[in-house]
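Trainee: Below, each chain spelled out in residue letters.
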Amino acid sequence: MVPNVLSIKNLNVSVNDKVILKDVSITVKSGEIHALMGPNGTGKSTLAHTIIGTARYKINNGQLYLNDQNLLDLQVYERARAGLFVAFQEPVSVQGLRFINYLRTAYTSLHPDEKLEYKKFVEEVKELLAFFGLDSTFTDRGLNDGLSGGEKKRMEALQMLILRPKFIILDEIDSGLDIDALRVVSKAIGKAKENGAGIIIITHYQRILDYIKPDFVHVLINGRIAESGSGDLAKTIEERGYEYYKGGELDAKVE
Amino acid sequence: MNITKEVNWTQKLSENDVEEVKRLNEIKYDFTTNVKPAFQTQKGLSREVIEDMSRDKKEPEWMKNIRLKALEIFLSKPVPTWGPDLSELNFDELTYYIRPEDRKANNWEEVPKEIKDTFDKLGVPEMEKKYLAGSVAQLQSEGVYSRLKKQWEDKGVIFMDMDSALKLHPDIVREHFGRVVPPSDNKFAALNTAVWSGGSFLYIPRGVQLDLPVQAYFRMNGALEGQFERTLIIAEPGASVHYIEGCTAPTYSQYSLHAAIVEVYVKNSAKVRYTSVQNWSDNIINGPTKRSWVEENGRMEWVQGSLGSKITMTYPSSILRGEYASTSNLNVALGIGPVWKDNGAKVVHAAPNTSSKVVAKSISGKGGMSVYRGQLRINQGAYNSKASVQCDALILDDISKSNTYPHNEILEESASFSHEASVGKISEEQVDYLMSRGIREEDARSLIVLGFLDDVLKEIPLEYSIEFNKLVKLEMNKYGAVG
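From first to last, the protein sequence lines are chains A and V.
Following my numbering, the numbering of the first sequence begins with 1271 at its first residue and continues without gaps.
Following my numbering, the numbering of the second sequence begins with 722 at its first residue and continues without gaps.
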């Protein structure tokens, strides 16, 4: 099988005339896990929103392709249909929109050629809720309505599995998760990889990488990829801290 | 996150939009029944008109006298000016009584073909077959069909059009008529009492609980016509029933007037749910007066879906007269297009330990106006009574409006009362989130709107809520995508 390729090339993005992403290039293939690490306020979330198109920031330069499809030409929902999925850092809630109805609409939008058997679909969702340690009544609850931060993150991970995207971007999926939740979410990421998805894990901390070994690590400092390397780079970063990259033209506040 | 995003999905109200609204109605409702009336009164309102219709109905003298007295009250009251603009209304150019047929049927096969076709198109016989214990159908001023399943007849339940009830059960009608809503209540109530025709009569004997709903379907047919049905529901102690009312009309460039009266008696420990889904065409001025008396331990539930009409003024009321009586009032209104929806609720707590809950949701778009107008009173001595009012408005664009006029009088110190109100727009973050899961923008907006309405929509019978869903989706599609 020819692997799918998500290619981010020389991406340069600004917000309110301030350049946030500078010359960012990352190439992800099916089944690969990339970790994008960096301190807060360095443009990691901007990258996630730029890729899916929800931010509508100004793209000054660069390319974004999924295989030979130019994502920058596509609307948000078309990018999702092309195979992109972002697990958001702060998922919104929609009162009264029942999760299962929402999820079914999303699924049939993303897989229009499949005939969805509703009963089976609900069963599958309930099984996954159990897997994530979530209450089975969440199917009938308003989307993310009244859920805790940790529950919302697990619901994002659940959607990542059920919607079967080609590429997954997890924006700080690990924040707000206790150790058990972190373990189960990591397991889910492993499943997604087995299913052939290419994955970018955006994280501030090394913690989640104790459970999932990334194939590649990129360090984003002040909107620029300061270093890329193999999975072992994460350990090195933990040892020497982001402080190591401070200096030069770096003017972002580095924690 | 939408830093550079412009919210530009508002549009000016164009002829296209009006066309779209019409197109929607045409899908199902916008057709005229070609019937030559068996009888109709001359245009306008006078003693003579009332005497003519009373004679045509062969009704008792006492009813004619009630009508004539109500006419005087009607003439003495000014047209209300505190709400929507009613200046278009000219009482002299309306036809008040149009009887389409000479006989009433208890069997769809006996209904004249043209009229049966009408109700077939509206799905009424189908609904009856699927989930109703009984059904009344009215075209213009009179019931053309009524039927109650035998098992309920055998238990003493009575369900028929109001004119037949006046003939067959004059004593019950006379005892209850005009007590809950007297003609002096408001101008439209006086008008209805003067020229009422049709409507339904529902009587549930002590302890009888109908497990299937009954339905009355009201259909208007022409321009400059009036429909003034009169509904009387009596639930004896321990009885329970769910009554559904559906309303539609074809579209005309000239208005028509619909002004019903609904009187509901909920006796001790009885329970009545009254669901009303009106999808009047956009030339209808709709001003019904609906009220219930609720005795000890009784429960009255009003569920209202207001989709259509040009102007609606509806404030279903519950007077909680007995201890532990309770009521709920769930209301959802779409005010999309050149329309004014003036909806609300009225509750009077007149006994101790009574409770009430009002939830009103409205959507305004395309220049529409949605109003919540409520009156809530807890009388002194209504110890430990509880009341809550929640009204939420969603406004879809910059040219539409929503207003809230709550009027609360809490005269009892031991009572508890809460009022919550919110006005908002669809959040672009929500739209983005749904789009990021492959859902088109218009669909995302529909889902959010339907979610907003869900509290109330889930209480509306499936057949009607499906219609609601379709309508909301169609309306949201008209807004198009931001791109």
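Source of the hints: derived by calculation from the structure; they are not laboratory data.
Computed from a predicted model, the values in this text were never measured in an experiment.
Glycine included, each C-beta is placed from N, C-alpha and C at the ideal position.
Hints may be right or wrong, so weigh each one.
In silico contact screen, one side only, chain V against chain A (beta carbon under 10 angstroms); selected entries [claimed, not checked]: (1) Arg768; (2) Pro781; (3) Lys785; (4) Phe812; (5) Asp875; (6) Ile879; (7) Pro958; (8) Lys1107; (9) Phe1138; (10) Glu1141; (11) Val1144; (12) Met1156; (13) Ser1157; (14) Asp1164; (15) Leu1168; (16) Leu1174.
Computed footprint of chain V on chain A; a stretch qualifies when at least three of its residues, placed anywhere within it, have a C-beta under 8 angstroms from a C-beta of chain V [to be verified]: (17) 1290-1301; (18) 1423-1432; (19) 1475-1487.
Trainee: Of the numbered hints stated earlier in the document, which are not met by this structure?
Mentor: 1, 2, 3, 4, 5, 6, 7, 8, 9, 10, 11, 17, 18, 19
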